[in-house]
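Each residue of the sequence shown is one higher than the one before, starting from 1 at the first, in my numbering.
Read the hints as simulated data drawn from the structure, not as lab findings.
One or more hints might be untrue.
Stated by the list, open to error - Derived PhoX-like pairs (lysine-lysine); straight-line CA-CA distance at most 25 angstroms: (1) Lys58 with Lys18; (2) Lys37 with Lys8; (3) Lys103 with Lys50; (4) Lys8 with Lys96; (5) Lys103 with Lys37; (6) Lys88 with Lys59; (7) Lys37 with Lys18; (8) Lys8 with Lys33; (9) Lys88 with Lys33; (10) Lys37 with Lys50; (11) Lys8 with Lys58; (12) Lys88 with Lys37; (13) Lys96 with Lys50; (14) Lys50 with Lys88; (15) Lys50 with Lys33; (16) Lys37 with Lys58.
Claimed, not checked - Each pair of labels, with its calculated beta carbon distance range: (17) Glu49 with Ala15: 17 to 27 angstroms; (18) Met51 with Gly98: 31 to 41 angstroms; (19) Val102 with Lys18: 14 to 24 angstroms; (20) Val102 with Asn17: 10 to 20 angstroms.
By construction, the Cβ of each residue, glycine as well, lies at the ideal position given by its N, Cα and C atoms.
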Amino acid sequence: MYLMSMEKLAEMVDAGNKDLIILDIRPPQHYGKGHIKGSMHIPLPMLVEKMETIPDSKKVAVVCSMDTNSAFAVAVLAMNGHDAWIAKGGISGWEKLGRELVK
């Protein structure tokens with residue numbers, strides 16, 4: 001399983017990395033309360049159905065509330081040819097770095 005530290009994710013975001021997609025797989029009610037700016041939202045139960053909306057050429061950093069859900073999503077994405085990574089620590093890890101969530 002691929003792990004990406006939250007520090008590495010923040011560094012990539014700050015650098016304006018165009019080869020990165022942040023995929024938030026939390027339920028809509030959690031995403032609506034605050035998410036990483038520019039993140040793509042596909043709730044976990046809809047991941048397979050919406051898989052075609054995720055570009056194959058991009059690195060995908062998956063965030064959620066708990067890394068276990070991210071691990072499942074990364075496995076599904078990898079089986080479908082995506083370069084997918086668990087953003088270790090999820091949304092709370094992003095906030096612990098003092099980073100902003102948007103609504």
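Problem set entry | Hint numbers contradicted by this structure | Of the numbered hints, 13, 17 do not hold.
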